[in-house]
Every structure is written in structure tokens, then in C-alpha cells.
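Novice: Full structure from sequences and hints, please.
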Amino acid sequence: MSAHTRRIAIALTAAAASVGALIACSAGPAAKAAASSPAGSHKASVNADFNGDGYADLVVGSPYAKVGGRSGAGYVAVMYGSAHGLSAAHRTVISRATPGVPGAPAVSRGFGNAVSKGDLDGDGYADLVIGSAREDGSVIVWGGRHGLSGATGIPHYRSLSAIGDYNGDGHPDLALFHTTRTPEDAPEGTDSVLWYGPLTRAGKPASTSVFGTSDGFYEAESAVSGDVDHDGYADLAVTAYRGEDDPATSLYFGSASGLSTAPDDGAVPQGDSVALGDVNGDGFADLVVGAAGAPLVVAYGSAAGITSKSRWTTITGKSGQAGFGGSVAVGDVTGDGIDDVAVGVANERVSGVYSAGAVVLLPGRRSGLTAAGAQELSQDTAGVPGKAEKGDFFGCTVQLVDVDANGHADLAAAAYGEDEVSGAVWLLRGRPAGLTSREAFAFGGKAIGAAHGRNSFFGLALG
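Going by the numbering used here, the sequence shown opens with residue 1265, and the numbers climb by one from there.
One or more of the hints may lead you astray.
Said to hold, decoys possible - With a cut-off of at most 20 Å between alpha-carbon atoms, the simulated EDC-like pairs for lysine to aspartate or glutamate come out as follows:
| # | residue 1 | residue 2 |
| --- | --- | --- |
| 1 | LYS1651 | GLU1684 |
| 2 | LYS1573 | ASP1528 |
| 3 | LYS1468 | ASP1429 |
| 4 | LYS1654 | ASP1683 |
| 5 | LYS1468 | ASP1387 |
| 6 | LYS1573 | ASP1546 |
In case anyone wonders, no lab produced these hints; they're calculated from the structure.
Remember, it's a predicted structure, so these values are computed and weren't measured experimentally.
Specialist: In C-alpha cells form, the structure reads like this:
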């Protein structure tokens, strides 16, 4: 660990019984890194807006819902943003049963297990890549003026993906992973490929290359893009397993020729959840790495990337905060131009209830990420719909996305254990003082007229 490392322990007070008290308390946790709009911006990034209306959209995976009579077939719900946030009526549900989507629903295939979004064909609308837990291939669903429609299959690469302009040519590229363990749980080596944009709607990339061939990781768990060294090329951070229960984080740097073959991970913090964002406002993306029950680590980006001399910040959860860092997301909640970090604490005991779960928001500062002014929110926070219950796992997945285009990233937090693992998602709005429970919105499969029921795992993936 660098000599510049500093360790901060969070001392959080439970939110009081009003929104005002919650904000006052904040004054005295990842599926994919969110690319926040600039402070004061009212235009969504093209990489998050499927219908081009200027509002970022939220993607929710329910990978084990019953579809077409097939248990565990799975689907994805796309919740379109608006000036009023999200609405149960303004959504698109996509599954293998959707007309135009290749394939058919099948038992226990887990469609919607992983998602990523970006403008892959260069038409000005974000497109959606949907992965599956146990299918031979992913699907690209194309954005357009009326939202998502039409789909193209991606053979072989079935689960995780990430999108970024890794060669700096102005066209987003698609990183694909084949995440399969052998029956003997032995490493298979990497099977990862880069599809350079723009893609045709037939699924043909401008060109391809492989990366990570010397790394030997397998079972990639999460992947996010951001420019760590501010050279105009997106970099890629990947968490993956190199052995049984041995998560590792690797960082690949972009260049004019694409991603590096070998990762630069000698000075990279290790964990199983990862996000990239600028938490100190210096123009360099910072690497945020979490692991359930372990300290959260931030390695700050610089012109040299992340090296053994890079400054780190290590933040630990408060005593008894089980699962702190199991999921992380980055976005500018306060609108000050500096990214904040949402940390999921899915196993936390809330009001005496085990594994009810919570989310902690850590504010970014010019001096770096800090625990000072941190907020903790749960289903027992005043104004948040629902009630903390055993095994809800609120915060199991988190995402920060500005769905109302007011310059403040909003928090989407999932509790896949809600209602006998049917699952649900909560949207809490971002404001200058942080997150607020005013206008909080909670929804699950039933609320949006989609498949629901026990073991649907609604919210297991967010994007």
C-alpha cells in the first residue's frame, strides 16, 4: 500500500424521522460506473439515453423471472427517464419472448443477468447489451426515437460486457467476456474480445482484437470504463476470479491501437465490485474498489495512471456494517462537478433486523473521497417506501443515473430479497445536499406489469 494511503472510519448516525433531518444528519455504496452529466447540465449523455429525449434511462434486470412459462428465463425492464423521474407506465420490457429478439425463453437461462449501454452504431441513441447467466450469447437491442426495438444476437459471449471508446476514434467500442468456469473450477484463461465501433445493426464491428491474453483471469464479475490517465482513451477495469473465492481487479489502458494486452494491475486495489469516476474533480477517473465486509479503496487517477506511488483512500464501514462495499456506483449526486460514491451494504442489520440492508453515500471532495458528511439510507428511512425486513438485502445492487436531467445523479438501489426474492428497486433523487427521500419511487415486476414472483431477482442487475 502506498505511503500516501489514508484510512477513514465512518461514524454514521441513523437517519432521523424526516427528510430535513436526514439531510441535516448527512451534514454533521456496483453493476457499472455511471457517467454523470456535468453540473447544471440538462442533457443526458447519449450513452444513457435510449430514445433521445434528453433524459437518462435506467435498466433493471430480473434474470430469474418466469417468462413464457419457463422458470428462470429472465427479462430486462427499461425505465425511461423524464422531468418527473421514473414512471411504472413509461417502460419497455425485453425478454427472449419479445418479437425480434433472437432465441426463445428457456428454463434457468438468466436472461438479464448483466447489462451495459452505449451508442454502438453511432446514430445518436444509446443501445442496450443484455447478457445471460447460462446462454450461449448476448443480445444488442437498438435505441431509436421511439425507444428500444430490434435486436441482434452476439454468439458465444454470453454475460458481462462494457462499453467505452478505447481507441479514441470517437466511436464507442464493445468489450465482451465469455465467463464460464470449468467443472473442476480450474482457470480457463481469458476469452475476451474488443469489438470496435461503429457496429452495424447486423452485429458487424468495424474491426476486432483480443485483450488480456496474458492475464489468465476467468469468471469476470464486473467491468467499467473511464479515462484514468486523461489521455482521451477509455480504460477498462475488470474484477474477475483467478481461483476459488479469489477475486482480482485488473486495469487495462486504452490507446490508439485499443486496450493493452496485459493489465497494469501491480498497484491496483483488489476486490469484487468496481467503479470509475472522478471523485476529486481533477479530470482523472479514479478507481473505486469494494468487497463485501472489507474496506472500500479509492486509487486516484493521474497522468501516469495508477502506480505504486498513487494516493489511495481507504474507508471502512461503521462497526457491525456487514457487507459494506459489496456493490459500488459513481455519479455526481450533489451537482458540484465532483463524483460521489454509493456503497451498498446489503447485509446490514437495520432496526434490529438482520440483512435488511442499506446504502451509504460518500461525498466526493477536491481533497478526495471522504466519510465526512456521509448519508445512510434504508427502508426504515423516513419517506422511503417499504419497511426493513430480514433478508431484503437492500443495496445488493446500486446505480447512479440522472433520470430527470437536473444535473444531480439519482440513486437506484435494489433489494433482490424483497417479497420472497421477487425483488424491487428504489429511486431516490439527488439534490445539492445529497440524496433525499422526497418523491422516492419503489417498483418491482408487478408494479410495471411484468413477470414477478418468488425467485425473480428483480434488480439483480442495474444499468
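Novice: Now tell me if each hint is right for this structure.
Specialist: Hints, one by one, checked against the model:
With a C-alpha separation of about 14 Å, the suggested pairing of LYS1651 with GLU1684 holds against the 20 Å cut-off. Distance restraint check for LYS1573 and ASP1528: the Cα-Cα separation of roughly 14 Å lies within the 20 Å cut-off, and the hinted pair is therefore satisfied. Restraint check: the Cα-Cα separation between LYS1468 and ASP1429 comes to about 17 Å, which is no more than 20 Å; the hinted pair holds. With a C-alpha separation of about 10 Å, the suggested pair LYS1654 and ASP1683 falls inside the 20 Å cut-off, and the hint holds.
Proximity of LYS1468 to ASP1387 is assessed by CA-CA distance (about 15 Å); at most 20 Å being required, the pair is judged to hold. Between LYS1573 and ASP1546, the direct Cα distance comes to roughly 17 Å. Compliance with the 20 Å bound is thereby established for this hinted pair.
Hint violations for this structure: none, all hints satisfied.
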